[in-house]
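J.: Chains B and H, in that order, are what the protein sequence lines are. Reading the first sequence from the start, the letters are residues 1 to 239 in my numbering. Reading the second sequence from the start, the letters are residues 1 to 239 in my numbering.
Please note that a few of the clues may not be correct.
Intra- or inter-copy, both count: the list cannot distinguish identical chains.
[Claimed, not checked] Below are the DSSO-like pairs computed for lysine-lysine, each with C-alpha atoms no more than 30 Å apart in a straight line:
{"no.": "1", "residue 1": "K131", "residue 2": "K191"}
{"no.": "2", "residue 1": "K91", "residue 2": "K223"}
{"no.": "3", "residue 1": "K131", "residue 2": "K91"}
{"no.": "4", "residue 1": "K191", "residue 2": "K239"}
{"no.": "5", "residue 1": "K239", "residue 2": "K131"}
{"no.": "6", "residue 1": "K191", "residue 2": "K73"}
{"no.": "7", "residue 1": "K135", "residue 2": "K191"}
Derived from the structure by calculation, the hints contain no laboratory data.
Protein chains: 2
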Amino acid sequence: MKYSVFLCFLTLCISCQQTKPPQLEMNAMPHPIHPEGVLNVAFLVVDGVYNSELVAPMDILHHTVFHTEHGMKVFTVGPGNEYITSFEGLKIIPDYSWNDSLPSINVLVVPSAENSMDSDLENTQMIDFVKSIGKNANYIMSLCDGAFVLAEAGLLEGLECTTFPSDIARFRSAYPQLVVHEGVSFVHDDKAITSAGGAKSYDPALYLVELLYGNETARGVAKGLVIDWDVNTIDHVRK
Amino acid sequence: MKYSVFLCFLTLCISCQQTKPPQLEMNAMPHPIHPEGVLNVAFLVVDGVYNSELVAPMDILHHTVFHTEHGMKVFTVGPGNEYITSFEGLKIIPDYSWNDSLPSINVLVVPSAENSMDSDLENTQMIDFVKSIGKNANYIMSLCDGAFVLAEAGLLEGLECTTFPSDIARFRSAYPQLVVHEGVSFVHDDKAITSAGGAKSYDPALYLVELLYGNETARGVAKGLVIDWDVNTIDHVRK
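Pulled out of the complex, with its shape left as it was, chain B reads as follows (with noise of 0.2 Å):
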């Protein structure tokens, strides 16, 4: 009977093996492109900003500098100088406002504001900054109904994406030339990374440290935020 048993077990681990698709395969990374300098990374807060969907991808971000040569600095841009409120009551001093003369920016990234559906998409200063921003970015990155935002600044034009999930429908039909995908964390298409929101914030940050520096880097930075990372284990669509 040990003998069958043993037989059992090997039986079951070859049949695991061979049964098992080619994940890595299909999923593998591209090498990461390891940027030669430091890279700029602007957030937009305004009034009602979502906190979570601030910070997770600003610490995610921020942090690449305790493990990666260059890395990324990271700043707040907003409408003016004085202090925004967030839509948890956090009274935030943006570094710069949008009128300033700003750093070169890499990345972009757009939160998901208490208006972000409505009389956020009819200020105009707003959308322009975000337009002739995120036109010249190597990246633009959107968490939750910051897709919203992006959409009405015309750059997810002939790209796919997604936002919050309670807010799909909505987005579907504000903007219906646009392939939004549903139940993913984050899609990745050409520059743009957009992405559900929440507590799932860190994924697309995490995602954008992997490509830019590597799994090591984003491992080690997902580590310091008790993340145990790992791009296959998040639903996600690259394009």
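Model the placement of chain H on the given structure of chain B, informed by the hints.
T.: Same frame as chain B, now just chain H:
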């Protein structure tokens, strides 16, 4: 051979069933407390406070207002009325200074900060504030190395607790009288909820919400932050 394989599976299945602990029974949450009024929640903010450890519990506790009759009122308390700068560079204006006359505080939350393990512990003004508020609060919560601050203020005496995974050894060495758990997201003992921190900082707050307002409210708050909440899937200790 086929018979042996069948027997082997049967043995494995029976063995699994027999050794499975009665998890659900052991981990059943008590009936929710359903507080009669709004609860005031103070978040300690000092220079170097970590973003995630501040906002993850703040978002969870703040969002209770949308999912229960009363919910919580969250606010920040810092050393003065000028802005503090978080570890990741956010400039945050505290709602109150710890020298101000404060509303009565039901829950005191201590997020980790850059110097939670060293110079902050020598800040007698801060430790005295934590001690006096924590003594009278219904609950005290620490995220990550905020546990050092609670311990230094004498608020964890006789209680089991935890802290940031990489700082467990240092915590045990600094406070050898404490029972410190490793490999768990959070520990609840008496009125203290201490936690590992990082992206897991949502867990202790959702747990407190479930304890106070019940599972439906906790799941509602969690869903708004794209979390599928089930306390039984979280490694934790409840005394």
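J.: Should K191 paired with K73 be assigned to within, between, both, or neither, using CA atoms and 30 Å as the limit?
T.: within (19 Å within a copy, 39 Å between copies)
J.: With 30 Å as the alpha-carbon cut-off, assign the pair K131 and K91 to within, between, both or neither.
T.: So K131 and K91 pass the 30 Å test inside a copy (26 Å) and across (26 Å) alike.
J.: At most 30 Å between CA atoms: does that hold for K131 and K191 within a copy, between copies, both, or neither?
T.: within (14 Å within a copy, 50 Å between copies)
J.: Measure nothing new, just compare the shortest in-copy and cross-copy C-alpha distances for K135 and K191 to 30 Å and report within, between, both or neither.
T.: Within one copy, since 10 Å is at most 30 Å while 51 Å is not.
J.: Is it within, between, both, or neither for K191 and K239, if the alpha carbons may be no more than 30 Å apart?
T.: within (10 Å within a copy, 49 Å between copies)
J.: For K91 and K223, with the copy left unspecified, which applies at a CA distance of at most 30 Å: within, between, both, or neither?
T.: For K91 and K223, both the intra-copy (29 Å) and inter-copy (25 Å) Cα distances are at most 30 Å.
J.: Given a CA cutoff of 30 Å, do K239 and K131 count as a within-copy pair, a between-copy pair, both, or neither?
T.: within (22 Å within a copy, 53 Å between copies)
The structure fails none of the hints (numbered hints given earlier).
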